[in-house]
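*Asks:* Next come the chains, spelled out residue by residue.
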Amino acid sequence: MKTKRLFVLFSISLLLVPMLVFAAGAAEQSGGGQDGVITLSVYHYLDQTDKTTAPNFQYLVDVFEKENPGIKLNFEYGYGESFHDKLQTMAMSGQLPDIILLYPGERTSQVTSAGLVKDLRPYLKGHEDEFADMAMQPQGANGEIWELPEDISVTSIMYTNNRLLKELGLTVPKTYEELLAQGPIIRAAGLIPLSIANKDAWPMQSCLAGMLVERTCGMEWFDKALSGEASFSDPEFVRAMEIIKELYDKQMFSPGTNQLAYGQGLDDFVNEKAVYLIDGGWTVNNMVGELSDAQKEYVSLESFPDIPGQKGQSRSASATAGQGFGMNAKLDERKAEAAWKWIWFYSGPEGSAIRQRFGRLPAYNLDEPEDADPMIKKLIAYAGSVPMGYVMDSVIAAEPIGTFNINLQNMMFGTMTPQDVATDLERMVESVGR
Amino acid sequence: MTFSRQKHLSYWAFVLPGLLVFVAIIIFPVVFSLSLSFTTWKGYGSPTFIGMENYAKIFADSVFLHSLRNNLLIVAISVFGQIPLGFLLAFLLYRKVVRHGAFYQTMIFLPITISPVVVALLWNQIFSSSGIIVTIVRAATKNPQYVMEIFEDKSLAIVPILFVLLWMHTGTYMIIYYANLQKMTPSVLEAAQLDGASEGQMFAHIILPSMVGTIATTAIFAISGSLKAFDLIYAMTGGGPAHFTEVIAIYMYVNTFKYYKYGFGSAVSIVIVVLAVGLILLLQYISGKIERKFE
Amino acid sequence: MKRYSTVGKVLSYLLMISFTVLTVVPLVWMILSAFKPHAEIVRHPLMPPLSWYFDNFVLAWTQGHLGIYFLNSIFYSVVATVVTVLLALSGGYALSKFFYRSGKFIYMLYTLGLLITVHSVIVPLFIMETRLGISNTRLGVVLPYIAFGLPFQVFLSTTYIKGIPDSIQESAIIDGANYFQIFWRIIIPVATPIISTMFIYTFLGNWNEFILVLTLTSELSIRSLPVGINSFAGGMSRDYGLQFAALVIGTVPMIIFYLIFRDKIAQGFAAGATKE
Chain A
0 MKTKRLFVLF
10 SISLLLVPML
20 VFAAGAAEQS
30 GGGQDGVITL
40 SVYHYLDQTD
50 KTTAPNFQYL
60 VDVFEKENPG
70 IKLNFEYGYG
80 ESFHDKLQTM
90 AMSGQLPDII
100 LLYPGERTSQ
110 VTSAGLVKDL
120 RPYLKGHEDE
130 FADMAMQPQG
140 ANGEIWELPE
150 DISVTSIMYT
160 NNRLLKELGL
170 TVPKTYEELL
180 AQGPIIRAAG
190 LIPLSIANKD
200 AWPMQSCLAG
210 MLVERTCGME
220 WFDKALSGEA
230 SFSDPEFVRA
240 MEIIKELYDK
250 QMFSPGTNQL
260 AYGQGLDDFV
270 NEKAVYLIDG
280 GWTVNNMVGE
290 LSDAQKEYVS
300 LESFPDIPGQ
310 KGQSRSASAT
320 AGQGFGMNAK
330 LDERKAEAAW
340 KWIWFYSGPE
350 GSAIRQRFGR
360 LPAYNLDEPE
370 DADPMIKKLI
380 AYAGSVPMGY
390 VMDSVIAAEP
400 IGTFNINLQN
410 MMFGTMTPQD
420 VATDLERMVE
430 SVGR
Chain B
0 MTFSRQKHLS
10 YWAFVLPGLL
20 VFVAIIIFPV
30 VFSLSLSFTT
40 WKGYGSPTFI
50 GMENYAKIFA
60 DSVFLHSLRN
70 NLLIVAISVF
80 GQIPLGFLLA
90 FLLYRKVVRH
100 GAFYQTMIFL
110 PITISPVVVA
120 LLWNQIFSSS
130 GIIVTIVRAA
140 TKNPQYVMEI
150 FEDKSLAIVP
160 ILFVLLWMHT
170 GTYMIIYYAN
180 LQKMTPSVLE
190 AAQLDGASEG
200 QMFAHIILPS
210 MVGTIATTAI
220 FAISGSLKAF
230 DLIYAMTGGG
240 PAHFTEVIAI
250 YMYVNTFKYY
260 KYGFGSAVSI
270 VIVVLAVGLI
280 LLLQYISGKI
290 ERKFE
Chain C
0 MKRYSTVGKV
10 LSYLLMISFT
20 VLTVVPLVWM
30 ILSAFKPHAE
40 IVRHPLMPPL
50 SWYFDNFVLA
60 WTQGHLGIYF
70 LNSIFYSVVA
80 TVVTVLLALS
90 GGYALSKFFY
100 RSGKFIYMLY
110 TLGLLITVHS
120 VIVPLFIMET
130 RLGISNTRLG
140 VVLPYIAFGL
150 PFQVFLSTTY
160 IKGIPDSIQE
170 SAIIDGANYF
180 QIFWRIIIPV
190 ATPIISTMFI
200 YTFLGNWNEF
210 ILVLTLTSEL
220 SIRSLPVGIN
230 SFAGGMSRDY
240 GLQFAALVIG
250 TVPMIIFYLI
260 FRDKIAQGFA
270 AGATKE
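Protein chains in written order, with numbering that gives the first Met the number 0: chain A, 0 to 433; chain B, 0 to 294; chain C, 0 to 275.
Excised from the complex, chain A in its bound form (with noise of 0.2 Å):
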């Protein structure tokens, strides 16, 4: 009897170890510290299918490790929403990685605020000045930097099809009515006026509103706002509210808008079914791949038309200081060193310059390179020719900014007012803390 039942137990057993093992042989094999060799692991946001992004990043990484043959970088790779549900995991469970792809502003404040990543100053000292200003804006409570941004983002930029533009006898709009009169002549020739897919909800925000609001209230009162001196419910934010359901309600944007999912936009633009793409400087990096040499010729960067009685500055546009890396609060010395040797040679001169070649827009303050795609060349150009404000998700905490996106979607279909969508927004931010 009781060695049947051994038996039993023993054959299960027996199921799970060879599972055991095979796993113990996945798991162990970075330790890291025999022969000088120091080894790393890092977080990184990448689709590693793009065929542009995923190829550039492997080369920054080769040159990087050619360089420093005493450093090992093990890569684990995010994309999409899951990059910041396993980073949220992973740092809930005080496990993060070495070096760690963190945001400016609220995406990744669970890293931030909760301690768990070192501040760069320190290691930075001295080169704070070839950084753009955008770009050295003080990122904790006490002044720190927690991540080394790589790029600046310009959110808001109204690419423009030239061409089209002639052929249906327009020229870029100077104001915000010319813009709207052209609607009908755009449509009556099949086309689309301004591009946007909002399926996903963020674009119409981190693209238009943010800098609608800039135009409509003054960077003035957007610093008050933010502080609690000035309400989202005043009137001048709900005027540019007010304009997105117009631009709505008048068919500017591409129909549906609020069906299309982020990327058909850009696909109609491309096709030269629209005039204008409402989109962010980011876009240039496919649309190097993605134009014709032609069309490359005939597209240019344009900012959105003078509004009626504007307030904020004219052709300014939003932007931020873009994502970066960041090192794990737990790295000993000769790790940290390490790991600010990866930091400073990815945002610092030497990648900036690779990325730049690539289409980027390096934080790190660079000449312009002689050899760049026209694309690259109209970004740079446009970035440094116009004033800028701010992008709403970067200086907003994550659930109110989440229920504006909506909300926008909301007021678009007319289930809510650009003045339910004011006053939401103002409850909302009072009510996570300002």
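No wet-lab data here; the hints were simulated from the structure. One or more hints might be untrue.
Claimed, not checked - Once the Cα atoms are required to be at most 30 Å apart in a straight line, the calculated BS3-like pairs of lysine-lysine come out as:
id, chain 1, residue 1, chain 2, residue 2
1, A, Lys329, B, Lys257
2, B, Lys95, B, Lys182
3, C, Lys8, B, Lys288
4, B, Lys257, A, Lys244
5, B, Lys257, A, Lys50
All figures in this text were calculated on a predicted structure; none of them were measured in a lab.
Starting from the structure of chain A, add chains B and C where the hints point.
*Replies:* Quick look at chains B and C alone, frame taken from chain A:
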């Protein structure tokens, strides 16, 4: 060793290995969730106890209530759509009303084998405003502004999703019923046929009563599956536009992983469980009554 | 004898054919699109390919690391499925034929398990696995697969084994067999139809699982196919041809798997879903 002792030990040897894995990986975290649901926690620092506040907030939130409504519609489409349709299809195949039954059976079940993410992507290519239907209508009517308005209507936006769910899951129920029908004794039906019973009478008086138990069991799967529906809807619409197609599982996911409200999110998962238990008890009560009626 | 009116027959065919069309058309369109380059899909989404373009598959396979993912998918699906089915059968046997009071409670726990979403346990699960040191290992993926597979499978096996007459077990005991012998020699052979169903159903679920493997692993070498597919299907993919090729690679093996085993599913469900 006594016989009853041997029985006892064998029992635990059979039950324990699975139970341990299950408890460690599912029940344990659920208990963790339950206790977290009475707190507010941002994922770092220590949680603050707030009693029932999360639950009160959930039921006061119009987004949750709309999600709940959508979930109940999904329960309805599975219980009153997939199950009867699956039954009808199984019946038609069993009675060989159509030729090439095996072929149709395969086609109806096939959607189950495809990952929900892929299903969502395919249907989006059909439904979206850059998709096939819209492209065709635009070309046919020469109206480049045409969009499918059903997706922008608060109460109707869920309908296309219900349709996809119906298409996707009817096959499961058909297979279950078809197999159960094959277990019936053919002589009973033959005898009824000789007595001059019509196909309809046989369906109502012989086939249906014998299947009540099976239907009740499948309804439990239907309810539990419908209340935790996530993958397909998330991949198709993400709950949007404007929360119109949101369901409770998406509501929970967004609050937990996007707004970092772990306590609140836990409370939502507990609500899903409680709702499902309630519906299943209701179902068992009803099916018990029906079964007694047939006896 | 004609037992169905023409109208009834026509309606029946209509129903069958509409289901078939709804299934076949999107799949065929997906497969055809996978052989078209991106530009051609954008310009002529509905046309069959002008020429057979295989680069999508080559690129998707190499760029998306689908080769490694494919092997891992097979490993996870096979191991987790075999263990789940075995544990569910032994559990189902114990819960249906031993009549202990604790059995009812355990069965209830499993029923509760049917209602738990992955998202509501993923955070505590990740914390537990990192503490135990099994996150980012194959074991750390397989164990949750088993746990999430068990409730439904225990449900199926319990209802099925309940239907096997008690007298068989009693006579075997009189003949001096112990419970393990009964399990191996009587229950498992009798339960073959349900076993194949359980196997196929669990296998499909494991094959398509995404959230657990993504969260609980970080190294490319132990991730599975849905992670690869998802990076193409994620919406931001700028190449539809690649996307469709990846979808075909993820979908077609399961369709073939199903076509091979379809008869078993039917037989098994028959038995499994019946009470008594």
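*Asks:* It remains to establish, for every hint, whether it holds in the given structure.
*Replies:* A quick look at each hint next to the structure:
1. A:Lys329 x B:Lys257: holds (26 Å)
2. B:Lys95 x B:Lys182: holds (15 Å)
3. C:Lys8 x B:Lys288: violated (34 Å)
4. B:Lys257 x A:Lys244: holds (26 Å)
5. B:Lys257 x A:Lys50: holds (28 Å)
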